[in-house]
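J.: One letter stands for each residue in the lines below.
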Amino acid sequence: MTAPTANTPMVNLTIEGRQVSVPAGTSILEAAKTVGVLIPHYCYHPGLPVAGVCRMCLVDVEKAPKLAPACATSVAEGQVVNVHAEKAREARKGVLEMLLINHPLDCPICDQSGECELQDYTYQEGRADSRYREPKRFNPVEDFGGDVMYVPNRCILCTRCVRFMDDIAHDAVLNVSERGDRAYIGKFEGKDLTHPWAGNVVDLCPVGALLSKDFLNKARSWELDRTASVCNGCSQGCNMIVETRDNVVVRLRPRPNNQVNDFYLCDYGRLNYRWMNRGDRIEAPTVTSASGQRAADWDVALSSAAAALKGKRVFVLASPSLSNEALHFLSRIVKVAGGKGAFRMPTGPEAPLPGVEDLALRADRAANGRGAELMGFERTDQPLAGLSQGDAVIVVDHDLTPDDAASLSHASAVVLVSTFMPAALARADVMLPIANYVEEEGTFTNLRGHVQRFLQARAAPGMARPSWYVLADLCNALGDRQDAMTAAQAFAALAAAQPAFAGMSYDGLGLRGKTIAGATAGQASLEVAT
Amino acid sequence: MGFPFTPHPRETTVLSKHFGDAEARTLDGWKARGGYRALEQALGMDPLAIQAVVKDSGLRGRGGAGFPTGLKWSFMKLGDGKPHYLCCNADESEPGTFKDREIMRWTPHALIEGCAIAAHAIGAETAYIYIRGEFTEPLDVMERACEEARRAGVIGKNAMGSGKRVDVWVHKGAGAYICGEETALMNSLEGKRGNPRIKPPFPAAAGLFGMPTTINNVETLAAVPPILVNGGEWYKKMSRPDNPKSTGTKLWSVCGNVMRPGNYEVEMGFPFKEFLYDLCGGPPKGRKFKAVIPGGSSVPIITMEEADRALMDYEGMVAVGTMLGSAGCIVMDDAQSIPRQVARLARFYAHESCAQCTQCREGTAWTTKILERMVAGDGTAEDFDTLMSLAEDMTGKTICVLSDSCAAPVVSGLQKFRGEFEALITRRTVHTVPAIVA
Amino acid sequence: MSHGPSATGGSAISTAPNGHSSEPYVPVFTGETKARLDALLERYPTKMAALLPALWMVQEARGWVSPEAMAETGQVLGLTAAYVKGVVTFYTMYHQHPVGKHFVQVCTTTPCHVCGAEDVVKAFLKHTGCGELGVTSADGRYTVIEVECLGACGFATPVMVNSDFIESVTPEKVPELLKQYG
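Residue numbers (my numbering), protein chains in the order written: chain P, 1 to 530; chain Y, 531 to 968; chain R, 969 to 1150.
None of these hints come from the bench; they were simulated from the model.
Just so you know, not all the hints are guaranteed correct.
As the list claims (entries may be wrong) - In silico DSS-like links for lysine-lysine, alpha-carbon gap of 30 Å or less:
no. : chain 1 : residue 1 : chain 2 : residue 2
1   : Y       : Lys-946   : P       : Lys-66
2   : R       : Lys-1002  : Y       : Lys-702
3   : P       : Lys-335   : P       : Lys-312
To be verified - In silico negatives: residues of chain P with every beta carbon more than 10 Å from chain R:
no. : residue
4   : Leu-224
5   : Arg-281
6   : Met-345
7   : Ala-488
Glycine included, every Cβ here is placed at the ideal spot set by N, Cα and C.
Bound-form chain P, shown alone (with noise of 0.2 Å):
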């Protein structure tokens, strides 16, 4: 299907009672989402070419002489679909059964089960036993490279794997092996899964037949807290949910943005959780004086950095990856102060998805570049560089490497505010905790200029708190009046302040984000020149 355009023409249609309009050309599944009746399906995903296979959107279309699969059948003008018709449903049990006569049952020590769909639809509308009374099928476990197993006996040949490899990945080390009910997901032996993206697979596979091996028996699927998130492994900014079992982050999935990364996040970004849950942090504010250091409460931590900070010109290491309020209150310590923001980015070879237009992992293992750069941050290898004597330094969440160190001792005073202790840093007159950016709210601007919102998944350690908190905090203490008891409160007070940002509001951003005015154009014009 083409994608609809402003001509393409609607089409009226009845489903399930009840009124739909649609593009011409749009399918009755995705017709009837529209209206909120999810048809079950299982070889159906809106990002992957339709193959029809599994048979299980089969749907009642009155006066059609066969039922119809509703992901290859496009809709028609006064069609009137009964999804729920008795021979429909009978249809569909009848997939089901089939489904399962060589299915091993196997849910208790199954991954999937809690969000598998053959669970799901069997209990909506399988039948309560099987007739099958014939020995089973049976295919070892084979190990597909990369992150991904597959467990054969589950697999109910969606072959959305094969066709995300193929179509998608373009890649495509997956095949259908064999025919008949001996056909099995198959790859060629030395080829493994080692796309950079192919751990997606796990996630398209609607049954317990692929699985992450990082996640094996981890969790059961219903002990996980869900919260929306952005990745913060580069700087596409794809769309994840966190999931945490008792505090710890155990995955991380992808979360659909047609905008940003479709349905995808890479292999890269999705096994990057372990730092979440680093227990080395830095867990109380504490004050460095002649008698050494000593934890402090954060009215005397703050009043200290201050006192420490006050009338030099302060430089600002920060990491790109802090939020842009946590970067908008420390470009106002050096738009007060004098000084200046610097930060360097990580790098690593972009790895595209070039089914997917404009996704990639990119090259900038940070989140938040652009966010710093609009900051007014700058992007260098010598983040010092410039720093002389008397200077005050505040590094946030920034490592330092042995030069960096070296430059520090140049500094008057040093503030660090940071999850956690730079190897490098010999001295921090001041320590401030702050929470990771998964312990807190906030949002990061992507490569695109693209302005996404993260949610709280896991409670920040100690007296750990927010970034943007502490760093509003820092700069009342400094004499510069800012509000921000909350993360919308200090993303107003940023988009009153930047420029870029006018106009936004926190709950405008939704979670799917809006994109700064004119970032895109540039790119879109780059496209076409490309």
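Mind docking chains Y and R on chain P? Use the hints.
T.: Quick look at chains Y and R alone, frame taken from chain P:
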């Protein structure tokens, strides 16, 4: 003729006239027998005029579906600027059917001529003849005939000096029944797994290589040259007076428990009883006919009572609850166990399922397992209901009709020969091992 | 291809050795074979369309389609090895393992079944010394398999030995027939 036997006087030999005549295989021999006159004529005609003659003849597809050939050709949008393709379906693999094999073995030029005419009629410059890999001799004969025709300029970039390009290529299959399904054949020709495609789009809109394509059976295409030479009216006359919907002659492959198995060419509407007893010589000595599958294994089984009143055309077979299909007639005598044969058929379909649709992949295998268990003496009364319910799930719900084809003989077998299945169950052995309950 | 006691017999995932030898792989598509493939490519608008013919060339040259040959064929036609494997395993005529010098296929589908094809199979298993379907005889000369409908139902039972198509085989004719295939 009832090849390999001498023709029966009641046969009407149009396509089979030269079966067994080795000289007819050569280009010169074919020309001497009137060959390529039709092509010469066709190349000078407007494609629409050719379509009109074929429409007028009433020729219907001989591969099984019986779709009117001229109408199918007319779906091709001429002059749309896209390359058009003709596919000749020579993947004859429907159990019981072996007529296309003889056409290709004995009259390869009849097929090439038919292909070239059809290609011109649908605006195609390329025709592919997809022959199943097991047909080593027909492949060889067709390859040689194509080469001969190409060398002589009968086909190629200036076919018969007409200035029109008609390439005809032979493409060898590699062992898959389902590639006889038209869209599976196209996938196979494109170098893919032979998976049937979802329709729409239909081949005339997006077929081979995504381009407008017409696909015709060997026998259909071989019938085109005589129709063009003799006119549609001539062909139309070969039919029952009361049924103008089935016209022309039809090759019937007859096999199984019959005295003279072979290929017979009769006019549409021929009485089936006379056909089986007179032309085919009746049952083997001392035996009686018991059942017939008249149109290839995918059509319902009929009893002899039904067969005796059947007329051999599309409508005549439907009237007795079966179909003409590919006219592959499998005859079974009273020594055969229907459950055993139905189980064997089911196994065939389970083996050949492409694995795409759930009902087919799982249903054909499950049906086979139940039937084989019943035949082994371990059936239960519930198996009847399960088989019928599976057959319902397997009918009309999948991309292609392979699973329907598996269900048809099961349902008709159970309905018409239920006693034989029941006998298996009443005699059944006692379970010594508890059944595995899913 | 399933030859087990049920239609679903046999494990789908093959763990059998593929007859790998330590010798380096010698490419199929060189010289004259490559020229034949190149000529063939002109018949089709896509390279992929030449996959089935190319695999036939491999089987002609090597007697079977080895994993290395799948990879090579893929490379020549711009396809991944996994894709080629998916295609190879779909079609029953490509051998995924080495077979005997003479590959015997006996049709046993319904029309032949009613004419006693099972006995023909038994005769072949006995006289070739294979004993079992799909097993190559100890002397490496024969492999016998059952095959689904060969499309010569009126000439029951048709048998293919290598590329020879033999009609109307009965159990009695088997020993004489095998003499031609030493």
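J.: Decide, hint by hint, whether the structure agrees.
T.: Hint-by-hint comparison with the structure:
| no. | hint | in the structure |
| --- | --- | --- |
| 1 | Lys-946(Y) with Lys-66(P) | holds, 26 Å |
| 2 | Lys-1002(R) with Lys-702(Y) | holds, 18 Å |
| 3 | Lys-335(P) with Lys-312(P) | holds, 12 Å |
| 4 | Leu-224 | holds, 32 Å |
| 5 | Arg-281 | holds, 45 Å |
| 6 | Met-345 | holds, 35 Å |
| 7 | Ala-488 | holds, 50 Å |
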